[in-house]
Amino acid sequence: MKGQKFVHLHTHTEYSLLDGSGKIGGLIERAKELGMDSLAITDHGTMFGCVDFYKKAKEAGIKPIIGSEIYVASKSMNIKRNDRENKNHHLVLLVKNEIGYKNLMKIVSKAAIDGFYYKPRVDHEYLREHSEGLIALSACLAGEVSYNLLNGTKEKAREVALFYKDIFKDGFYLELQYHGIDKQLRVNEMLIELSRELDIPLVATNDVHYIKKEDAKSHDVLLCIQTGKTLDDTDRMRYEPQNFY
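Numbering (our numbering), first residue to last: 14 to 258.
No lab work stands behind these hints: they were computed from the structure. A couple of the hints might just be wrong.
Stated by the list, open to error - As a list, the in silico DSS-like pairs of lysine-lysine whose alpha-carbon atoms are at most 30 angstroms apart:
no., residue 1, residue 2
1, Lys68, Lys88
2, Lys225, Lys69
3, Lys182, Lys100
4, Lys93, Lys226
5, Lys69, Lys100
6, Lys93, Lys225
7, Lys123, Lys169
8, Lys93, Lys123
9, Lys167, Lys115
10, Lys242, Lys226
11, Lys182, Lys132
12, Lys123, Lys45
13, Lys36, Lys167
14, Lys115, Lys69
15, Lys225, Lys182
16, Lys242, Lys76
17, Lys18, Lys69
18, Lys167, Lys100
19, Lys18, Lys88
20, Lys68, Lys100
21, Lys242, Lys18
22, Lys182, Lys36
23, Lys71, Lys225
24, Lys119, Lys109
25, Lys169, Lys18
26, Lys230, Lys242
27, Lys18, Lys226
28, Lys225, Lys178
29, Lys18, Lys100
30, Lys196, Lys169
31, Lys182, Lys230
32, Lys169, Lys109
33, Lys178, Lys115
34, Lys230, Lys45
35, Lys167, Lys88
36, Lys182, Lys115
37, Lys182, Lys226
Values in this document were obtained by computation on a predicted structure and should not be read as measured data.
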């Protein structure tokens, strides 16, 4: 039986400012080269690139999947702090239909206008009220489920997974990633176990931040600009191994 085609559902463009280096046109061109028929856009906390992405994808014969990787305050977006009790976590949202598109616009706008504290944030309650028409992926190691699994608070991870399953129904997926990072292997094992226990489907993504492997160096320069560091600085943010493409 012919296997299903892989689709990138977690993709950052240049609109993930100082974090994504792949330009929309280049990402779409690369997807077409690889024989992909669909591609998602999931920039951090924004939808700035969605219209441009939609138009260019359509022109190229690629199905555009609109989305965003949002920030979720674990307690309340009205609490202006990011600490252990109200930590910010990532969540990927993908649009299913027009209602979902409108809800994603509301979520991103609310996060920027009312929930902003270093990052644009919403909270669980606001997501519950605006979940219709959206698919949710649990995101990377900074996602709330993976973060709690990695830090030994498995019951909290289970509680969060059940919450998202409750509001997104069969549209919530536990996200598996592997870039050669040991922590990801440990978390993936626990996510697979949680998937079986709670009957939540799995999805594989690659958290794309640049287009080709050879773009990793220029992406590293971008991260240095973001963090005010230099390439020679050993104690700085970096994406290693160089597999985020």
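Now the hints, each set against the structure:
no. : hint              : result
1   : Lys68 <-> Lys88   : 37 angstroms, violated
2   : Lys225 <-> Lys69  : 19 angstroms, holds
3   : Lys182 <-> Lys100 : 24 angstroms, holds
4   : Lys93 <-> Lys226  : 38 angstroms, violated
5   : Lys69 <-> Lys100  : 36 angstroms, violated
6   : Lys93 <-> Lys225  : 38 angstroms, violated
7   : Lys123 <-> Lys169 : 26 angstroms, holds
8   : Lys93 <-> Lys123  : 14 angstroms, holds
9   : Lys167 <-> Lys115 : 34 angstroms, violated
10  : Lys242 <-> Lys226 : 22 angstroms, holds
11  : Lys182 <-> Lys132 : 27 angstroms, holds
12  : Lys123 <-> Lys45  : 34 angstroms, violated
13  : Lys36 <-> Lys167  : 38 angstroms, violated
14  : Lys115 <-> Lys69  : 21 angstroms, holds
15  : Lys225 <-> Lys182 : 35 angstroms, violated
16  : Lys242 <-> Lys76  : 38 angstroms, violated
17  : Lys18 <-> Lys69   : 21 angstroms, holds
18  : Lys167 <-> Lys100 : 16 angstroms, holds
19  : Lys18 <-> Lys88   : 38 angstroms, violated
20  : Lys68 <-> Lys100  : 36 angstroms, violated
21  : Lys242 <-> Lys18  : 39 angstroms, violated
22  : Lys182 <-> Lys36  : 33 angstroms, violated
23  : Lys71 <-> Lys225  : 22 angstroms, holds
24  : Lys119 <-> Lys109 : 15 angstroms, holds
25  : Lys169 <-> Lys18  : 34 angstroms, violated
26  : Lys230 <-> Lys242 : 14 angstroms, holds
27  : Lys18 <-> Lys226  : 21 angstroms, holds
28  : Lys225 <-> Lys178 : 34 angstroms, violated
29  : Lys18 <-> Lys100  : 36 angstroms, violated
30  : Lys196 <-> Lys169 : 18 angstroms, holds
31  : Lys182 <-> Lys230 : 40 angstroms, violated
32  : Lys169 <-> Lys109 : 28 angstroms, holds
33  : Lys178 <-> Lys115 : 21 angstroms, holds
34  : Lys230 <-> Lys45  : 24 angstroms, holds
35  : Lys167 <-> Lys88  : 18 angstroms, holds
36  : Lys182 <-> Lys115 : 19 angstroms, holds
37  : Lys182 <-> Lys226 : 36 angstroms, violated
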